[in-house]
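Visitor: Each chain, letter by letter, is given below.
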Amino acid sequence: MSFELETAKSPETLRRVAIDPVSRVEGHGKVTILLDADNKVHQVRLHIVEFRGFEKFIQGRPYWEVPVMVQRLCGICPVSHHLAASKALDMILGVRQLTPTAEKIRRLMHAGQILQSHALHFFHLSSPDLLFGFGSDVAARNIVGVVAAHPEIAKKGVLLRKYGQEVIRMTAGKRVHGTGSVPGGVNKSLSADERAELLKDAYQMVAWSRDAVALIRVLFEQNLAEYNAFGRFRSAGMCLVRADGAMDLYHGGLRAKDIDGKTLFDHFDYGRYWDVIAEDVKPWSYMKFPFFKALGADDGSYRVGPLSRVTLCDNIPTPLADKAREEFLAFDGGSAAGATLGYHWARMIEMLHAAETIKDLLHDDDITGSDLMASGERQERGVGVIEAPRGTLIHHYRVDGNDQVIRANLIVSTTHNNQAMNTAVREVAKQYLDGREVTEGLLNHIEIAIRAFDPCLSCATHALGQMPLEVAIVDAGGTVIDSATRDHRGLTHHIP
Amino acid sequence: MTTDLTFQLDGEDIAFTPGQTIMQAAKAAGVYIPHLCWHPDFPAHGSCKLCTVKANGRFGSGCTMEAQAGMVVENRTAELDDKRRTLLQMFFVEGNHFCPSCEKSGDCTLQATAYELKMMSPHFDMFYPDRPVDASHPDVLLDFNRCIMCSLCVTASRDVDKKNVFAMGGRGILGRRIHINSESGKLADTDFALTDRAAGICPVGVILPKRKGFAVPIGERRYDKAPINEQVKEPLKEATP
Chain A
1 MSFELETAKS PETLRRVAID PVSRVEGHGK VTILLDADNK VHQVRLHIVE
51 FRGFEKFIQG RPYWEVPVMV QRLCGICPVS HHLAASKALD MILGVRQLTP
101 TAEKIRRLMH AGQILQSHAL HFFHLSSPDL LFGFGSDVAA RNIVGVVAAH
151 PEIAKKGVLL RKYGQEVIRM TAGKRVHGTG SVPGGVNKSL SADERAELLK
201 DAYQMVAWSR DAVALIRVLF EQNLAEYNAF GRFRSAGMCL VRADGAMDLY
251 HGGLRAKDID GKTLFDHFDY GRYWDVIAED VKPWSYMKFP FFKALGADDG
301 SYRVGPLSRV TLCDNIPTPL ADKAREEFLA FDGGSAAGAT LGYHWARMIE
351 MLHAAETIKD LLHDDDITGS DLMASGERQE RGVGVIEAPR GTLIHHYRVD
401 GNDQVIRANL IVSTTHNNQA MNTAVREVAK QYLDGREVTE GLLNHIEIAI
451 RAFDPCLSCA THALGQMPLE VAIVDAGGTV IDSATRDHRG LTHHIP
Chain B
1 MTTDLTFQLD GEDIAFTPGQ TIMQAAKAAG VYIPHLCWHP DFPAHGSCKL
51 CTVKANGRFG SGCTMEAQAG MVVENRTAEL DDKRRTLLQM FFVEGNHFCP
101 SCEKSGDCTL QATAYELKMM SPHFDMFYPD RPVDASHPDV LLDFNRCIMC
151 SLCVTASRDV DKKNVFAMGG RGILGRRIHI NSESGKLADT DFALTDRAAG
201 ICPVGVILPK RKGFAVPIGE RRYDKAPINE QVKEPLKEAT P
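Keeping their order, the protein sequence lines are chains A and B.
For the first sequence, counting from 1, position 286 maps to 286 in the numbering used here; every step adds exactly one.
For the second sequence, counting from 1, position 127 maps to 127 in the numbering used here; every step adds exactly one.
Bound-form chain A, shown alone (with noise of 0.2 Å):
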């Protein structure tokens, strides 16, 4: 099945405008418009051009190495692999239940990495499109101009990243690609001097998340029509909850609701997964098209992430982040929670979460501890899911006799959100481009509803980009028409 504006017709006889790749997003993508004479846009696809393999190379290596391995999928939210890879080799291991201080390490660890994906995503990534207006000048458009414009905003966002990171490296060893989580446990707890330094600024940092949550609820206030309208499409969605329906980042059960809002499964037992989720492949994206099997190819698609996971969770089990949920599920009579860029303010909420949760489990004397490793009955086979920054994170592995992997499967969160996203750029097309003459100002709208979903194209297709972007606007001949560059500073230079 082709979606609405998925293929045109006769695209020989139409005009391609391309965006790639995609900037201020991690990895390498492209969008590519088919537009008529009349510029009207006939066809939108947002393209996966990377490929990567680790599901292949993987294969033969010993489990515990699998951890650290395929964290490498990933600079951003590599913990979030570390651990969903962790928890998949559990299993394997046949561990049930981890240590309390082990389990509440992986949380601190996985809270941290939260808090720092999610504050890179928005003062880093997004907020010069918020700050400054979608179709604002290239040149400003960028953190060096959010730091010019607003150096309090962007301070606070730089030194949230740095304490998440400070979180990842004492509890994993490094900020970035550490080793503290393994097969059945950890291999370290916090020191009393490790504790003491990170609680010294924990609660700056729910101070400074609560300020970002009010500055983007300011900034929808701001621009209401413009935010609600902004890309917006009905969509289904799925996230992890807690045995009470709490929203729960590190271990649960599947929910998933349709477009309506009725419950299509929950507190379904993630280790077969298979059995509700299947996965498309379409001939022009090496991303997959996951999509819930009871509802087909056709009309399964859903949307994972912070905005699924705060409008699908009953409440979230930290006071500040819990009425702000409330307030923003409440705002304009919920249009907020159906929006786009609804993810940006649901994505705060989470980030407040984070701060909370690393302030709790600091008060906690078991990430003290010294019990560190659970064992059990062997198994052959094992799924790890955790609710990554960007969405439902999928890590499967079968692990043979001799201890080396024999099959791996990675269904990372911006996979699950390729139709959606596919969908966002499609809807924003519609009601920017079409009929108008294309500018830079105007591609950006396409990529600020990619960025929405704050996707991670690298981990999508299990690599490495730079992101200058180039546009080429070529007539209904095939002949280039116009076409210009923009570079890593997004500055735009036109080619002669």
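Some clues are possibly wrong.
In silico lysine-lysine, DSSO-like type, Cα no more than 30 Å apart, as pairs [as the list claims (entries may be wrong)]:
1) B:225 - A:162
2) B:212 - A:56
3) B:163 - A:174
Because the hints were derived from the structure by calculation, they are not lab data.
Note that the coordinates shown come from a computational prediction; the quantities given were computed from them, not determined experimentally.
Starting from the known structure of chain A, arrange chain B on it as the hints suggest.
Guide: Chain B alone, transformed into the frame defined by chain A:
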């Protein structure tokens, strides 16, 4: 036996006893000469050439050349370290050394030596050799991707364990490798045990106790604590069963 015999190593007087090599005397004095294949408990192999020094103006392996009274030996000169870096780069490209996911990272002599000699890149094209992983043994994993052909496992298994589990065979850079002395060629079909001396002797990440990887946190691994040139007098760390 006299004990007041000395030679000069980078301008410093080093005492030695007759029959001692430059390497042995330097180690006893706590002076680091970069090396990979030499181990104090075994006869010198002289194959890695990293311990090449200049003695009285002539190049020679520090691990095989006997110290002589009055000898003037150059060790950590820019010229020699530059050559050592090149040798290291060749070691790195001849195997598949992926430190980011290697459980020996932080405990690896090859990695620590590369840090010590400030090797910043592999420089040469990678060979990407096709080397097997032998996971057949219940307690020990062999990952030959990381082998530097020091042959310490061959020596330890033959001379200490009396088992002859390992042998060097094949020809050429890509053909020469460690073989397992069993009909199947698999470690599981030998009498190799985790308690063997050879099980703990590997300076890189080839012979590994199974299911122990990454148990030691970052910060507590051997070379997290001090660089390799400051650990000359300490016994080489060997894997414990």
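Visitor: What are the numbers of the hints that this structure violates, sorted from low to high?
Guide: 3
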